[in-house]
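Protein chains: 2
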Amino acid sequence: MSIAIVGGTGPEGSGLALRWAQAGETIIIGSRDAQRALETAAKLSASAGADKKISGTENRFACSAAEIVVLTVPFAAHAETLKHIEPSLRAGQILVDTTVPLAASIGGKPTRTLGVWQGSAAQQAAELAPEGVIVVAAFHNLAADLLQQQAAIDCDVIVCSDDKDAGKRVRELARKIPGVRALDGGKLENARIVEQITAVLIGLNIRYKGHSGLRITGLPAAAFER
Amino acid sequence: MSIAIVGGTGPEGSGLALRWAQAGETIIIGSRDAQRALETAAKLSASAGADKKISGTENRFACSAAEIVVLTVPFAAHAETLKHIEPSLRAGQILVDTTVPLAASIGGKPTRTLGVWQGSAAQQAAELAPEGVIVVAAFHNLAADLLQQQAAIDCDVIVCSDDKDAGKRVRELARKIPGVRALDGGKLENARIVEQITAVLIGLNIRYKGHSGLRITGLPAAAFER
Chain A
1 MSIAIVGGTG
11 PEGSGLALRW
21 AQAGETIIIG
31 SRDAQRALET
41 AAKLSASAGA
51 DKKISGTENR
61 FACSAAEIVV
71 LTVPFAAHAE
81 TLKHIEPSLR
91 AGQILVDTTV
101 PLAASIGGKP
111 TRTLGVWQGS
121 AAQQAAELAP
131 EGVIVVAAFH
141 NLAADLLQQQ
151 AAIDCDVIVC
161 SDDKDAGKRV
171 RELARKIPGV
181 RALDGGKLEN
191 ARIVEQITAV
201 LIGLNIRYKG
211 HSGLRITGLP
221 AAAFER
Chain B
1001 MSIAIVGGTG
1011 PEGSGLALRW
1021 AQAGETIIIG
1031 SRDAQRALET
1041 AAKLSASAGA
1051 DKKISGTENR
1061 FACSAAEIVV
1071 LTVPFAAHAE
1081 TLKHIEPSLR
1091 AGQILVDTTV
1101 PLAASIGGKP
1111 TRTLGVWQGS
1121 AAQQAAELAP
1131 EGVIVVAAFH
1141 NLAADLLQQQ
1151 AAIDCDVIVC
1161 SDDKDAGKRV
1171 RELARKIPGV
1181 RALDGGKLEN
1191 ARIVEQITAV
1201 LIGLNIRYKG
1211 HSGLRITGLP
1221 AAAFER
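Listed in order, the protein sequences are those of chains A and B. According to the working numbering, the first sequence is numbered sequentially starting from 1. According to the working numbering, the second sequence is numbered sequentially starting from 1001.
Heads up, none of these hints are tricks.
Here are the in silico distance ranges between beta carbons for each label pair: (1) B:Ala1144 x A:Gln35: 54 to 60 Å; (2) B:Gly1107 x A:Glu39: 52 to 58 Å; (3) B:Arg1215 x A:Glu127: 32 to 38 Å; (4) A:Glu127 x B:Ala1144: 34 to 40 Å; (5) A:Arg226 x B:Gly1179: 23 to 29 Å; (6) B:Gln1035 x A:Ala222: 43 to 49 Å; (7) B:Asp1162 x A:Glu67: 46 to 52 Å; (8) A:Arg226 x B:Ala1152: 24 to 30 Å; (9) A:Glu67 x B:Gly1107: 37 to 43 Å; (10) B:Gln1118 x A:Ile106: 19 to 25 Å; (11) A:Pro11 x B:Ala1034: 55 to 61 Å; (12) B:Lys1083 x A:Ala91: 51 to 57 Å; (13) A:Ala79 x B:Lys1176: 43 to 49 Å; (14) A:Glu127 x B:Gln1035: 49 to 55 Å.
Rough simulated footprint, nothing fancy, chain A against chain B, three-plus residues with beta-carbon under 8 Å: (15) 1145 to 1158; (16) 1215 to 1224.
Quick caveat, the hints were computed from the structure, so don't treat them as lab data. The beta-carbon is built from N, C-alpha and C at its ideal position, and this holds for glycine as well.
All chains, please: the whole structure from these sequences, using the hints.
This is the structure we're talking about:
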């Protein structure tokens, strides 16, 4: 099973790639520019260890070659990138959307979000993806700066999807990142809230100088294993 | 300094009243029905201890007598209650809005929210309150069931306000609830996100059978003291 990271040269994408490569996953860094994808793949291989499986190629080729596609582009490039990769996506593939519609993506504040007609970036992805592609929203609240380091991450990942099996698979992927716990956040429509939380966390980071994350309390331990 | 809890006979309001009374605050339970307010006040006194200062009266009288007014009514009664108490509010008073615009308040799902024209319930409160009343949004994510028990609560409170001093005062009030830490969530407009988080927590409660809350990670310890 291989994972394509579309926009994998960016901070969030390369951070996820690093963590999953270290956990033994096969990673394909995708970029609009194949050369940049190769450079990032080489850099990540140097960090993760030469025995790790990280390659790089143009976004469409990355999607064709992968079972799971993870979308990590800024919101300003979200729709355009989806239209670009659309011919390379196929029914049954899992498309993980990590996008937060920050106002910063069009020159506004990073503590504000844009209204997305469909309700959330993830729902926009579901509309733009070919029929049968299963969209899962996750990883919005993980700080890219922390992903790029080696330490365990003190944050939970809330996973939203209309497909229970795909959601479970992505929660398993989340748990491969040291420290991370994963929860079922319900249907894809709930991504509209989970995406927004990132704007609050960014505000806290600015106000208090930190890399904030969140932990969910008050649930039985089994909740984090399902 | 006394605190009026408008809608104080409900689960969230009576829970906050109990915790603050136990911490030594003077509490006035407000209700549309003065008799019900008195009954709740008596019940809370029995739980909190006879030396605690808890009284009950009609919402308007409660507001007139208090320095801080805490609004804990369901969203369906939010605007109407604000219009009712408006003549009893005065400039300089702090109005703490805990309201979450859950779709359940008009017969929809508790895991979905309603769009509020002003952006959030708290911003609606700011529009309806008399000029000079300082609105602070807080306590949305504290489970009423946990407030009504005696144990420390494993949850952080994110406080949003356009007035820094009022925000600080409400954070101090939050910290009087055992276990609770409080953070500055920025301007009142950010309440639109903090309010929504409750819908996600309710979804987790339904899915996993718990009383979920949230903790913010990755910030310096000093963040929770300011």
